[in-house]
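Modelling step: build the complete structure from the supplied sequences, incorporating the hints.
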Amino acid sequence: MGKVKGKSGPLARRPDNSAFKQQRLPAWSPMLTATTVLPFFYLMALICMLLGVWLLLTVQSTQEIKLDYTEAGTCDMCFEKRKNVSNAAQICTCTVVFPIKKALKGDVFFYYGLQNFHQNLRRYMDSRDDAQMVGRKTNLKNPSSYCEPFMKDPNGLPIAPCGAVANSIFNDTFTLTYHGSSGPSIPVPLLRKGITWYTDKNVKYRNPKNDNMTLAQVFEGTARPLYWQKPVYELDLLDPTNNGFINDDLIIWMREAAFPNFKKLYGVLYRAKQPFTKGLPAGNYTINISYNFPVQYFRGRKEVVLTTLTWFGGQNHFLPIAYLVTSCLILLIAIILTVVWWKFGKNGKRLEE
Amino acid sequence: MAREGEDPGMAKASKVKRQRKKKPKENKTRTVHANILYDNAKGEENPNRNYANNKIKTTKYTVLSFLPKNLFEQFHRFANVYFVFIALLNFVPVVNAFQPELALAPVVFILSVTAIKDLWEDYRRHRSDQEINHMDCLVYSRAERRYVERYWKEVRVGDFIRLRCNEILPADVLLLSSSDPDRLCHIETATLDGETNLKQRQVVRSFFDLDCDFDPLKYNGIIECEKPNNDLNRFRGYIIHQSGRRDALYKENLLLRGCTIRNTEEAVGIVIYAGHETKAMLNNNGPRYKRSKLERQMNVHVFWCVIILLVMCLFAAVGHGLWMFQYGDKRPVFDVLSPEGTDLSPIMSAIYLFLTMIIVFQVLIPISLFVSIEIVKICQVYFIHQDMDLYDEETDSHLQCRALNITEDLGQMQYIFSDKTGTLTENKMVFRRCTVAGVEYSHDANARRLAMYQEMDSEEEDCTSHSGTLPRRDSVTSHQSARVVLRSQSTKSHRRTGSRAEAKRASILSKHTAFSSPMEKDITPDPQLLDKVNECSSQMDFMRFHSQPMSQLPSDLADIIDFFIALTICNTVVVSSPNQPRQKVRMRFELKSPVKTIEDFIKRFTPSRLTSGSNSSSSSSLITNRSSNRGCSSLLSSPSAESTLTKLDEEQPPRGLEHSFGPVPPCYNGKAWNLEDGELRYEAESPDEAALVYAARAYKCSLVGRLPDQVTVELPHLGKLSFELLHTLGFDSTRKRMSVVVRHPLTDQITVYTKGADSAIMDLIKPPDTGKRQIKIVSRTQNYLNLYAADGLRTLCIAKKILSKEQYACWLQHHLQAETAIQGREELLFDSALRLETNLQLLGATGIEDRLQDGVPETIASLRMAGLQIWVLTGDKQETAVNIAYACKLLDPEEEILTLNADSQEACALLLEESLHYIQAKFLCSSTDQAAKAFHSNFAPFEIYPSSSPSSSSHTTPFTVLRLGLVIDGRTLAYALDKSLEDKFLAVARSCRSVLCCRSTPLQKSMVVKLVRNKLKVMTLAIGDGANDVSMIQVADVGVGISGQEGMQAVMASDFALPRFRYLQKLLLVHGHWCYSRLANMILYFFYKNAMFVALIFWYQFYCGFSGSAMIDQWYLIFFNLMFSAFPQLITGTLDKDVSAETLQQLPQLYVNGQNSEEYKPYMFWMNMIDAFYQSLVCFFIPYFAYADSDVDLFTWGTPITTLALFTILVHLGIETKTWTWMNWLSIAFSTALFFTVALCYNASCPTCYTPSNPYWTMQRLLQDPLFYLLCVITPVAALLLNLFFKVLVQVPFSSGGQMKLREPVSLFSEPTRWR
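Those protein sequence lines, which keep their order, are chains A and B. Counting in my numbering, the first sequence runs without a single skipped number right up to 353 at its last residue. Counting in my numbering, the second sequence runs without a single skipped number right up to 1316 at its last residue.
Worth flagging that the hints you see were computed from the coordinates, not collected in a lab. Some hints could be false.
Unchecked claim - Here are some, though not all, of the chain B residues that point toward chain A, as calculated from beta-carbon distances under 7 Å:
{"id": "1", "residue": "Pro332"}
{"id": "2", "residue": "Phe334"}
{"id": "3", "residue": "Ile1182"}
{"id": "4", "residue": "Trp1220"}
{"id": "5", "residue": "Thr1251"}
{"id": "6", "residue": "Tyr1256"}
{"id": "7", "residue": "Trp1257"}
{"id": "8", "residue": "Ala1278"}
{"id": "9", "residue": "Leu1281"}
Said to hold, decoys possible - Once the Cα atoms are required to be at most 25 Å apart in a straight line, the calculated BS3-like pairs of lysine-lysine come out as:
{"id": "10", "chain 1": "B", "residue 1": "Lys1010", "chain 2": "B", "residue 2": "Lys290"}
{"id": "11", "chain 1": "B", "residue 1": "Lys28", "chain 2": "A", "residue 2": "Lys83"}
{"id": "12", "chain 1": "A", "residue 1": "Lys343", "chain 2": "B", "residue 2": "Lys117"}
{"id": "13", "chain 1": "A", "residue 1": "Lys81", "chain 2": "B", "residue 2": "Lys330"}
{"id": "14", "chain 1": "A", "residue 1": "Lys101", "chain 2": "A", "residue 2": "Lys66"}
{"id": "15", "chain 1": "B", "residue 1": "Lys117", "chain 2": "A", "residue 2": "Lys21"}
{"id": "16", "chain 1": "A", "residue 1": "Lys230", "chain 2": "A", "residue 2": "Lys137"}
{"id": "17", "chain 1": "B", "residue 1": "Lys984", "chain 2": "B", "residue 2": "Lys1017"}
{"id": "18", "chain 1": "B", "residue 1": "Lys330", "chain 2": "B", "residue 2": "Lys28"}
{"id": "19", "chain 1": "B", "residue 1": "Lys889", "chain 2": "B", "residue 2": "Lys922"}
{"id": "20", "chain 1": "B", "residue 1": "Lys1015", "chain 2": "B", "residue 2": "Lys1161"}
{"id": "21", "chain 1": "B", "residue 1": "Lys28", "chain 2": "A", "residue 2": "Lys152"}
{"id": "22", "chain 1": "B", "residue 1": "Lys1218", "chain 2": "A", "residue 2": "Lys21"}
{"id": "23", "chain 1": "A", "residue 1": "Lys102", "chain 2": "A", "residue 2": "Lys230"}
{"id": "24", "chain 1": "A", "residue 1": "Lys230", "chain 2": "A", "residue 2": "Lys83"}
{"id": "25", "chain 1": "B", "residue 1": "Lys877", "chain 2": "B", "residue 2": "Lys736"}
Fair warning: this is a prediction, and the values are worked out from it, not measured in the lab. Just so you know, even glycine gets a beta-carbon here, dropped at the ideal spot from N, CA and C.
Dropping the structure here:
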């Protein structure tokens, strides 16, 4: 109102006759008629069907081997042992034997899996200090209060890495051995590095700056998490650069899983040497487990997963099925509509117009 | 005035409070002393110091108070408090869910958006205040002994200010002096009440006789007057002079702030009320706030959302408690203890979790809903404003939305209550016919002329309104400016005569000029009557020259001349000249004759006594006498020779008079007459007054000048006659008449002319024993009156009464007492008027036509097709009302009409009972013809009607069952509105197709609206144009004012102001429908969107031990509604058109959709909720299963879900959107782009800043992941498949019927399906 700038004369307040102001913008109003809707439905069904079939075929080419080792093989012993907290410090190793009937071709990924472990619990998830993990020295010595009650050890030393997530790190270790039909047992080489997101390893997690100091010196004055056997700078005894906050296992563990049943990458098959150049050949395998992680408190299960991947992820039949089912539904609806249209359409149309 | 602040309420209140504190003992009056007496004294001694100064401050805030005050106001809205509470909850560590600072963001955003809006408005007010406060005016300064320029804000109560022509008054000023020889000051009050006719204000009587200029230094009075109040038409008080003399003060002495001085060179006055205490400011109310029906429904559902939220939280809390309980004493490693390291019991953690969940699920209560609704409504108002179809070229005005938040109510109206005059009709009164002394003059030629105009109007409407007109208004700015070119006299240019230099005022003024369209002016006289007038006046002329008493005139001729004199003077019409429209025509010749001064003139022709002052001195002496209460005998005995003088000795008659002085018979050439006489312009307060004056002028009996104490009339042969105007007893709605008391210049008798409604006059006619002739006249006139009424004419009776001097003296004494009384003056004056208006002698009656506005019958027909019940509530008499009703197709000739006229409560009860039975009987027999289903559904009509839904009956009952009209008059209405009868009355009224209430008072109008609104629970719209409709407009759900010709009161009270009645059609059927359907759909969509989004998190609780984790990152959760999904729905809510404007107008039936609230029904809310939950299930579980058993982390999984939800929501909106413009596409593209941009930036910005969540580089990774895209395709398709299926089934004409069709408005016109 009131803006009569530049306009005067007899019809000063006449509204502009513009399409916008008169609500006459050129508009496309999709008329839903049988002739437009039905082809659309059929087309949609066809697209989904094709995609579904393609995905299904892709998934079919993958292989996956799951091995629940919680109480399998000789591990039942260790399982019992871990029931008792007082035995926590004792080492327990066990072996599980399993066959691979059909060779896993291509890149083979070695996962460990946990069931019923709620890494997505809110209080658990919050219990970490990202600033500490990025290597801020202030946070190293003085972790965020989010880490409570895993912020300081009973002596008042700050815990590094603090928080419940780091504290509960999965600490079973595995070695996989291949027993070929001929020849000796060959340990399956696993790449245990480079399995994290690039950004995690290089941006999100960094060790505190250590100009000339060793990691141990840097972490001096901090305590290891309560459940840990080793301090954070000794996580990987073989590779000094894989220690501290940039340890791959730690990084992977710190990426909290979305569901209570989850798996996490342990290693990737190193395919440089025979007989693993084409993947894991068929045959018998044994897996040696350093059994440390207790799961009985939460009725959890532990497993090992060996799998190959497709371009859209691991072996998961759901997505292709979802596409196929959706396509079928669309088709069903399209057919129903066609029938309705065929039977009543013409009368209905006349009634409307 | 609008810019002078929208909300002085606060300021007013505080000011009043302050005053009370300061002066607890202050009595009921205000005493004003002149400031100059205290100029040198200290401030404390000035008795005026406690009164508000003239500085206005309409701003709500100051720099300091803005933040606290604005926040305080915003927290009056419950939703804001709720969201702040939730944000604060986040600061409690045990329950917090988000980064506390982030959780504050939405609340702060919403609050600051509102605050910025308020701040901007306040700043605008401040700017306009500044501008106004710094306007200049002349204030007398004692130190300098002259008037000096001061700012308005420096004006104080008690200051003397000098006002010049065309200045705006800075404060309420008591007029003490005027350069006008008549001691008048003319003001234009358009800014206050929209009335453009000049109002005359008089100098206070004690200052009347001042010969020289008013000298403030000599002023020594003390003014006692009322406390400030907002009644524009009331001012009472008195001035006490040093001599102890008291003079009464009236509203005629007060110049109001905001008015403009016209026609008066200079005026001096003393400030009585200043600043916020001026009547103008006290009258300034802010915009109205109403809550629409849709919003009321919506609030119920917001409440339901709260319940759903609580249930979900409770569910999660219990779930969490159980989840913890199942682990027993041995806590798993992932179950983190409380920060203190102590164990949380399951119950405690459940309680904490409950609060956490409230935070997490807060999105369910849509924080942005309220803001979005406001935005959409503002856009809707904007579009309604801009609609060309609602623009009236004639008055250069368009629709105004005065209430910004009830646009959607326009789409849900069920009952329309309309005023008749000025609303259905043009309120352009055209003189049609008259009867004088029992003889009817049918004015056939006039009728033909009118018919011609009607045709011409419709043909030439366009070209006339577009044709350029000459600037007339220019003369306003300087009344002394050179002559403006005379406009052509062609009838074509009659419509628009004003140039609109000042756009704002022009519209108001042009409404005014509509009064004088030639249709009203150029009345073709009835030849018979014209002959008689001529004969009569020539006889009178003859008699005058031969000094014969006038009583010898034949009585029928005397009646005729009296009749026209009455028409001419019994009114308040002011004469002005069209060339300088604001310049009063001076009938004193001091301005027109350069040769002689007024003094010369008077000296030469006045008997010795009257030698000084103006030639109105006799009346001024009369007034002085009166006011000093010295009795009236001397006055009455003094001959009023002077007033008769003017007519005898005109030296230089104004042009046009040659004709009347020419040879007898004078030239009858109507055209010539009009050309010459067209120079005069009549400004009337009501159009029928003007019509009568124009009518009289057609008979050469023309009003040429009006002063407060004198009316000059020009008669054929007789020339100009000056009637000394002794009293004007103004029109009021109770008396329904007005009278003037004049001294007849020819007979020297004191004569009362009365004009009024026939019912009012006929009862006052002298008892019939006076003479046979009078009886005959009365009965004949009554017959003609009935005839006129049957023609739909407005009838007025004209009567006169001759007072003997003794009678007059007696009455005068009482009247003067009444006039000077301060307490109860109105009542006393009213009684005084009643005492005078008795024993009248009937002269005749007039019939005035009030033409229907363009397109009224069509509009009514179309509104009725739209299922609207239209009631007409009018103050007119029954016959007139019925005829107008027929003319505008409100009543159908085929319809039966129930007329309810009762004299008593019992009779009324009986009548209602009978009508009920009648209707019942008629209904029963007619229903047998109806389809059986109608019969069944309405089996016992009168038991069912009141209980059944009004919406169902509103369109089934009147259409299919009854074709009845109900006519009820005011008296019966009063009985019927009684508590005991109102139910019966309603039962009768609602079963009639149309209802007509005649002779109803403003109060009754509002009572009827209130009754229907409250009892039937329907949406009501009241439309009217006059002050008498204000109460009705305020009571109705939506009040519409016609910004027509009767001032602005109705517009001021209304929610929407229309220039014409016919625009109601588009306003309701198109804009109402659109606004309603847009808003309803948007609100439903809002609920759906929030529920769908929140449910995603709810499902996740089953997988995270009900711990309140959210896979949707806190940023997305908080900004999803506020930013990512906000724009498309706003665009759709503003622009979507479910049906095109053309279709809506062609098929008014579609309006039923809104009446029955079909776009927003409770079940729709629940359907939407279910749909939302279903879609969220799909959107949750497809990604869940797709990622199940993988190494996906929480946010890598949650971000696709957010994206999917966004896509699903957008596509859902796309399905709901009926029309796609480029803005829809743009908004959707923008939303998507915004989401990805924000996500990418957010995920790349800082790896440590957003604790507890840390979605670093997630989105970047996802964009490289094919799975993400695969999910983005399949999920929205699967989620919306069902919705689309139903949509298609409903919309596509597949089926021949079925319930689904009912949702689709288009299907409604196959048959009006009744369903509920």
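Hint by hint, here is what the structure shows:
{"no.": "1", "hint": "Pro332", "verdict": "4 Å, holds"}
{"no.": "2", "hint": "Phe334", "verdict": "5 Å, holds"}
{"no.": "3", "hint": "Ile1182", "verdict": "6 Å, holds"}
{"no.": "4", "hint": "Trp1220", "verdict": "4 Å, holds"}
{"no.": "5", "hint": "Thr1251", "verdict": "6 Å, holds"}
{"no.": "6", "hint": "Tyr1256", "verdict": "5 Å, holds"}
{"no.": "7", "hint": "Trp1257", "verdict": "4 Å, holds"}
{"no.": "8", "hint": "Ala1278", "verdict": "5 Å, holds"}
{"no.": "9", "hint": "Leu1281", "verdict": "6 Å, holds"}
{"no.": "10", "hint": "B:Lys1010 with B:Lys290", "verdict": "16 Å, holds"}
{"no.": "11", "hint": "B:Lys28 with A:Lys83", "verdict": "92 Å, violated"}
{"no.": "12", "hint": "A:Lys343 with B:Lys117", "verdict": "58 Å, violated"}
{"no.": "13", "hint": "A:Lys81 with B:Lys330", "verdict": "16 Å, holds"}
{"no.": "14", "hint": "A:Lys101 with A:Lys66", "verdict": "13 Å, holds"}
{"no.": "15", "hint": "B:Lys117 with A:Lys21", "verdict": "23 Å, holds"}
{"no.": "16", "hint": "A:Lys230 with A:Lys137", "verdict": "21 Å, holds"}
{"no.": "17", "hint": "B:Lys984 with B:Lys1017", "verdict": "16 Å, holds"}
{"no.": "18", "hint": "B:Lys330 with B:Lys28", "verdict": "82 Å, violated"}
{"no.": "19", "hint": "B:Lys889 with B:Lys922", "verdict": "23 Å, holds"}
{"no.": "20", "hint": "B:Lys1015 with B:Lys1161", "verdict": "21 Å, holds"}
{"no.": "21", "hint": "B:Lys28 with A:Lys152", "verdict": "77 Å, violated"}
{"no.": "22", "hint": "B:Lys1218 with A:Lys21", "verdict": "19 Å, holds"}
{"no.": "23", "hint": "A:Lys102 with A:Lys230", "verdict": "39 Å, violated"}
{"no.": "24", "hint": "A:Lys230 with A:Lys83", "verdict": "21 Å, holds"}
{"no.": "25", "hint": "B:Lys877 with B:Lys736", "verdict": "12 Å, holds"}
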